[in-house]
Amino acid sequence: MSILYDEGQQAIATESRRVLDARMDKARLLALLEQVGQHDAAFWDTAVEQGWTALAIPEEHGGLGLGLIELGLVAQACGAATSGAPFLTGGYGLSQALVHSSDAALAAEWLPKLASGELTGCVAFAEGNAALPPKPTVTYANGALDGVKPAVPGGCAADVALVWALSDSGVVLVAADLAGASRKPVDSYDNSRLYADLTFAGTPATLIASGDAARALALDVLGRMAVVTAHEQVGGAEALLYIARDYALTRKAFGQPIGAFQSIKHRIAEMYGFVEVARANCIHAAASADNLGGTDAFLTAAADARISATEAYDTNSRDCVQIHGGIGVTWELGLHLHMRRARSLAVECGNLVFWEDLLVDRLAGEVA
Amino acid sequence: MSDLQVYREKARAFLASMAPKYGRDARKGNTVEQDLALGREYMAARYDAGFGGINWPVEMGGQGLTHLHKITFDGEEMQFGMPSHFFGISLGMPVPILMHYCEDKEFVKERVRKALRGEEIWCQMFSEPSGGSDLAALRTKVEPDGNGWKMNGQKIWTSWAQYCDYGVIVTRSDPTVEKHKGLTYFWIDMRSKGVEVRPIKLAGGDSHVNEVFFDDVRVEDSQRLGAVGGGFGVSLHTLMIERYIATDSSGFGPHLDEFVKLAKRVDLNGKPALEDGRVRSAIARNHAMRGGLDAITKRAFAMMMAGMQPGPEGSLQKLVAVRSRQKLSEMAMDLMGNEGLAFDPHAFVKTDWGTSWLNAPTGRIAGGSDEVLLNTIAEKILGLPQDHRPDKGVPFNAIPA
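Going line by line, the protein sequences match chains A and B. Residue 268 in this note's numbering is what sits at position 268 of the first sequence, and the numbering runs on without skipping anything. Residue 129 in this note's numbering is what sits at position 129 of the second sequence, and the numbering runs on without skipping anything.
Worth flagging that the hints you see were computed from the coordinates, not collected in a lab. Backbone N, C-alpha and C fix where the C-beta goes; we use that ideal spot for every residue, glycine too. There is no bait here: all hints are sound.
When the alpha-carbon atoms are kept at most 25 Å apart in a straight line, the in silico DSS-like pairs for lysine-lysine are as follows:
1. B:Lys28 / B:Lys350
2. B:Lys181 / B:Lys392
3. B:Lys392 / A:Lys252
4. B:Lys114 / B:Lys193
5. B:Lys380 / A:Lys252
6. B:Lys327 / B:Lys264
Facing chain A, according to a computed beta carbon distance under 10 Å, are these residues of chain B, among others:
7. Asp257
8. Ala284
9. Ala288
10. Ile296
11. Gly311
12. Leu374
13. Gly383
Bound conformation, chain B alone:
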C-alpha cells in the first residue's frame, strides 16, 4: 500500500469513529446553532487526532504533510457529511493569507491554533453590491486616520459572517488611480465598533451568507496585509491558494446511483421509468460526463503525485458538474411527480432532489459564475481576447457610475 493509501485508511478509521456523534445521520433535524456547536467539538477532535492543518507547516501548528494528503482527507470527510462546512472558508483562504502576510508571528500562531480547533472562525469579505465577478470595482473605502485607517462601506455574500470572530477584507484606499491599483487588504476583528452583520435568507431557506456594513470602523496599520495599493494582488493570491480542492463530479448534489434507483422505483406509462428512452439517455449522458470529470481528477492526482502541475482541464469541474446536477434534479422531480412536491428545508443536498435543485443556482454563481469560468477558460487556456472593458486605464473615480 502506498503512503497515501495508508493515510486514507487512517483518515477513514478516524472519521468512522466520529460519525456516530457528528456524521450526517446523527445531526438530522438539528438547528444551525446545534450543528455549529457540534462542528466546533468535531474540529477540536480532528485537530487533536492530527488531522488539522494537514498541509500547513509544523511550525505554524500544522501537520507538515502534502496537498495530496489534504485532498485525500477532504474527499473522505465529504462522504461522512461532517459539520466542518462552517470552517471551510476560514481555513481555506483567510487563515493561510494571514500566515503568509501577517508579521506578528505569535499572534498568527494563536489564531491558527484556534481556527483549526474551531474556536475561532474567519470570513472573507470580497464581494460588494456593486460587483462580484468584477472584484476590482469594489467601493468600500479606507482613509488614513491618525496612525491607522478608517473604514466605511458594505460587503455582501459573506459566508458565515454572523458566526465569525475575524475576517479578511479588500478595500479601496485610492480612488484616483485605475480600479485594481488603488486597493489595500486588511484583517479585521468582526467585533470592532461599527461592524454590523445582517444575514441574508437565500432561496433555499437558509441564511449562511450575510451583508456586512462598516461605519467609521477603526483599523490599525498593523492589520494591513501586503502593501498599500497591493490589495488586488493579495486578493488574487487568496483565490489561488486552493486551486486543487476536493472535487465532486455530482456537482455536490446526489450521486447518479440515486437517480438510477429512483428510475427503477417509479413507473412511467406502466413500465419502470428506467425503461424509458429519455430517462436512459439522461443516465447515460450524465454517466459519461461524470466519468470524464472523475478521470480528469484521477489524472490530476497522479500528476501531483509525480510532482507535476495538473492540467488546466481541472477548471471544468464546477462548471460542468453543477450545471448538469441542476438539470438532472429537474428530471428527478419530474419522475417523482406530485410525490416530489413535499419539501424538507433541512434535507441533505446529496440525497434530496428538491434540495439539490433549489440550491443548484447558488452553486452556479458562488465561487465564480458559469460565465466567469467560461471567460477564464477562453482567455487563460485558449488565449482568446478579453471582453471589451470601457473602464480599462481609467482612474476609478472617473469611471461612469
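The following block holds chain A by itself, in its conformation from the complex:
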C-alpha cells in the first residue's frame, strides 16, 4: 500500500518544520556535543507543547490517536533539525508495547503520562551489535531485573524503559521504572542522544510478554521504531541535499559556481536519488503499519525503509561535507552534527547488518 499525504498530514509536516526552524539553535546543539548527559530542553519542551508525544497514543489513553504516518512526518522535521533529544522514538516504542500489553492497569497508568510528556521512555533491547540478542544477558526473575544494558539511547534521563531480558522460561519483554536502576552516562560522539549504561540490580519490572509473544512484539516495536528513525534519517539526508545544493550554487571556483562541474552536480543528483528512494520506502512502510503491523510484510517494508534511509543519511553526510571542502570539516559550520547523527541513528534500533539479515530471512522464506 502506498499513500498520498492528506491535508492534515501535510499540515503536520509543514507546521513541525516551521516550529523547529524557528526555535532550533545551532550554537546550542554544538555546545551539547561537549556535555555528557544533557539534552536540548528547548526542543523537548517544543515536542511536548506541540503534542508530538501524544500523536501516536490512542485517544482513550490521552493521546491523539494518530499513527506512524504522522509521527514519521514529525520525525522527518526533527531529523532535518538534528534535534537534541531521543525521547520521541523511545517513548513511541514503549507506548506501542504498552498498547499491546495484556496489563491494562500498566497501560492506563503510563500511557497518559507518556502522552502528556510527564514521563519519558526509552527502549533497552540491544547488547553490543545485537539489536535483539537471542539470549540477552539481562535477566528477569521474580518480578525483578538484573544485569547491564549498554549505551541505551535516552538512558541518561528517561523515566521508564522497555527492556528485553531473559527469564527461566525464555525471553521476556518487561517495563521498568528507572528510579530503581542506576545510570552511567556514556561520553559519546553524539551526546544529546543521552546514551547511558543502565544497571539493574533487583530492579522491579512488569512483565509485558514472554516467549514467542515477546519476540514477536519486540520485533514489531523495533520495526515501528525503525520506521520512525528512517523518517528522521530521511529528514537529515534531505537537509544535507539542500545544504549541498545551496553551497554549490554560491561557492565559485575557476570562474563559475562549483555546481556547474559535473563531479559536483552529479554527486548532488545522486544525493537526491538516495533521499527519494528512502522517502518512498518510508511512506510505504508507515502506511503499512495499520493493516500489517506485526506481520512479516510490515517488517519487510520497515527493513526496506531502514536500509535505504541509513544508506541515504550516511551517503549524504559524507558527500555534503566533501562538496564543501575545508569549510565542511569545521566545528562552527556544524555539518558534523549531521555526520554524527547519521551514525548514531544508523546504530540505534538495529544496524544495517541486522536489517539486511532480517529482510533476507523473510525473502528466502526462512523465518522460523
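Starting from the known structure of chain A, arrange chain B on it as the hints suggest.
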C-alpha cells in the same frame, strides 16, 4: 473493484488468451522475422479486442481512455512478454506526433489504423554520429528544392528502421543561426529513393538498431511537421509524450526473486550462497532500492488517479534500476561460476543473467544516458547550473568542429 481494477482483469484475460500463441514461451527459438510476423498478428488481434490506442482519441481510431488505462495494460502486457516491442517506438512517439502536427487528417487516420494493427511501423530518427545526448548538434541537412526539400546526411541508432514504412526526422534547415534554432521536422516514407538502411549488430548479438543514410532524398513541404526552424520544439514534444510509461524496478532485467532462487540453489564454501554475507547484503540492498522505486511508481499512479501531476522523482527509475541490474547480473554470473559461461543469444533478458548483463550497457545509454539523466535531475529538479557550453549563442556553422 475500481474501474481500473476491472480494466486490469479484462486486460489480463485478453493477454492470457493470446499467450499460448504469442507469449514469451510460445516464441522460444524464433528468428526475428518469425517474431515480427507473429507481432503483426498479435497487434491486429489486440486492436480488434479494443486494446489499441488505449489513450488516443476515438475520432483518431483510439479507445479514448486515460493514460492510467494505458500504463495498466502495458504493465500487464510486459509480464506476458508479447511481441509488441517492434511497435513500441512507432506508437510511442512518431504516430502521436503525426496526429498532433499533420494537417491531412484522412491520411493520418489511415496511418494510425495501420500502425495500431501492426501493418505499418514508424521509426524516429534523431541521433546522429555527431551527437546523441547533444541532439541539436545534428548535421543531416535539408535545402529548398523547388516547392519541397532535398535531404542529405545520416542518422544512427534508429530502432527497427529496417522494418519501417515511415519515420519522423529532425534535420538542419538553417546552419547560419544557433544550433537549436535552425532545425525543421518532417515525416518521411522510408521507401523513398535515396534512403538506405544498414543494420548495426550490437554487443549482445542482435541488430535492432540501424544507420540510415539520405542521398538527395526528395521531401514534400506537406511532410513538414511544425514550422520551418521549429524542429527543436517538435523534438522536445516528441520526447515528452511518454513521460510516464510503465516502469520496471528490475531495470528490465531479472526480478530479484530470480537472484534469491539462484542463491538458494548454488553453494559457496560448502554452504548455500544465500548464507554468505556478501550475497545477503546484495539482496537486501537491492530489495530496499527496488522497493523504493516501486513505491515511487505506486505514488505516481495514485497522484495521476487523483488528477495530480506525479512528482519529479519518477525520473530516477531508469537511472537507478538499470545500473543496479548491471551489477546484480555480474554477481549472479559470479555465483554460477563456470556453469554460467554458456551463453544463449536468444535467451530472455528477464530470466537469463548473461543476457541481462550483456545488454545492460544499452539500457544505461539508450533513451538518455546515466550522465544526461543526472544532469537533468541536477538542472531541472535541483536548479543547479548548466554545464559550460562553448557553443551557446554561436551560429551552427561557426562552431569549431
